[in-house]
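Novice: The primary structure of each chain is shown beneath.
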Amino acid sequence: MFARQSISVSQLTTHIQQLFDTDVILQDIWVSGEVSNMTRASSGHWYFTIKDDKAALRCVMWRSSTVNQTTIPQNGDAIEVHGGVSVYAARGEYQLYADIIRPLGMGDLYQEFERLKARLAAEGLFDAERKRAYPAMPQRIGVVTSPTAAAFQDVLNVLTRRFPLAEVVLSPTLVQGDDAPPQIVRALQRLNDYTDVDVILLVRGGGSIEDLWSFNDERVARAVAASRIPVISGVGHETDFTIVDFVSDSRAPTPSAAAELATPNIDDLREGVNLGLLRITDVMRDSLASHRQDLNATRRALRHTSPQVFVRNSRQRVDDLNNRLLGGEKRLLSLLRERLRAREAALHAASPQALLERGYAIVTRTEDGRRVRSSHDADPGTGITIQLAADELKARIEDKDTHERYKRTLF
Amino acid sequence: MSDISELSFEAAFEELEGIVERLESGQLTLDASVSLFERGRLLAAHCQAILDNAELRVSQIDENSLQNGE
Chain A
0 MFARQSISVS QLTTHIQQLF DTDVILQDIW VSGEVSNMTR ASSGHWYFTI
50 KDDKAALRCV MWRSSTVNQT TIPQNGDAIE VHGGVSVYAA RGEYQLYADI
100 IRPLGMGDLY QEFERLKARL AAEGLFDAER KRAYPAMPQR IGVVTSPTAA
150 AFQDVLNVLT RRFPLAEVVL SPTLVQGDDA PPQIVRALQR LNDYTDVDVI
200 LLVRGGGSIE DLWSFNDERV ARAVAASRIP VISGVGHETD FTIVDFVSDS
250 RAPTPSAAAE LATPNIDDLR EGVNLGLLRI TDVMRDSLAS HRQDLNATRR
300 ALRHTSPQVF VRNSRQRVDD LNNRLLGGEK RLLSLLRERL RAREAALHAA
350 SPQALLERGY AIVTRTEDGR RVRSSHDADP GTGITIQLAA DELKARIEDK
400 DTHERYKRTL F
Chain B
0 MSDISELSFE AAFEELEGIV ERLESGQLTL DASVSLFERG RLLAAHCQAI
50 LDNAELRVSQ IDENSLQNGE
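As given, the protein sequences belong to chains A and B, one line each in that order.
Just so we're aligned, residue 0 is where the first sequence starts under numbering that gives the first Met the number 0, counting upward by one.
Just so we're aligned, residue 0 is where the second sequence starts under numbering that gives the first Met the number 0, counting upward by one.
Chain A on its own, in the form it takes in the complex (with noise of 0.2 Å):
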């Protein structure tokens, strides 16, 4: 006997699988359960368990939903998780294929929220296109909380640390229960018709879904949206969105976050005056320095046309001249030092020495020294003196008688 034809995993698989996707009551379950294995993959999709004391199912939710869930789940978490039930081929796995998810015993409030946020959403206030940009450097930043909270606390440490030069302006309110919507509506309308704030931060710190429940009120949602100044809305964890998340202008996942998100770093800030002083020294040194280059270039080149050259050159003509003159002097000198002595010469040989030399005598009268050039200058008896070369003789004119006589004796 022949067994029955056997069939393939894959057809095994769609035949399961088609049963799965038929069932009415499996496409379109709440599942409730402890969330474990939570996994937020990079391609937004999440991977988790939910089980209970004697189950578990393997639960994933594709991006397209991820992006519109109000909480994260987190491991341990008691939450009800709706979507259909089907096959996972490759593993032969059953999975919950989830498109929603809600905490445990919050299915009233859960539907609350999600016709108000589809209402909101249809009339068009959490549109990208609304959502305003805040300046980069508020001067005066509103904050919309409870004085007496703990975020308020955080915010103002976060704007002491990253940004003091902000001026704050607080716009007390409470921040839940009953009477917490009205409020928080007044202290926005308050910031907003009596102040000139460039932002507005509207905080509440962590708590229970109940606690954060203002922030899901339609007239607080709508208080926001009229906002003439931009909001960035802080609440609770990173976990948890409200209403108020999707309208604000920008969302910040805790009260701290948002005061980040208001503010520029004061080192950021320090380091931007810093390095503009720095590029504007390092442009005026190089242009001093290419300055300085070109300077000294053109002084090069006026060097070569410059009166400078022209004066050195004079001073070298006149130092030639001079030294030229000089030489003209020394020989002039000269010339007239020869010319001197030849002169010197000649007046000597014309001396009364000098004919007293060649063998001439000069007679002058002993008595009055007059120069006896005839008989006359000189009677008989007269005293005379004979000057000679060597000496002088002295004599006494005879007279021409006794001369004669003399000269008779003689010859």
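All the pointers check out, no bait thrown in.
Partial list, derived from the structure: chain A residues whose beta carbon lies under 10 Å from chain B:
1) Pro-134
2) Gln-138
3) Ala-165
4) Glu-166
5) Arg-269
6) Thr-280
7) Val-282
8) Leu-287
Hints are computed from structural coordinates only; laboratory data are not their basis.
Values in this document were obtained by computation on a predicted structure and should not be read as measured data.
Cβ atoms here follow ideal geometry from the backbone N, Cα and C, with glycine treated the same way.
Based on these hints, arrange chain B on the given structure of chain A.
Specialist: Showing chain B alone in chain A's frame:
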């Protein structure tokens, strides 16, 4: 040009950034560069002084202060 000591941090910082750009464009005479540089230096000092002396100021606007005409 406005008196530097009157400028807010943001205004002074913005002007400093403008000066950095103009100086780095390199289209200026030496005289213009030197005076821009000098103003940039003063602006940076002013910014630093503001940052050094900044102290967070906190005020409050509530229903009572509104009723009291504040």
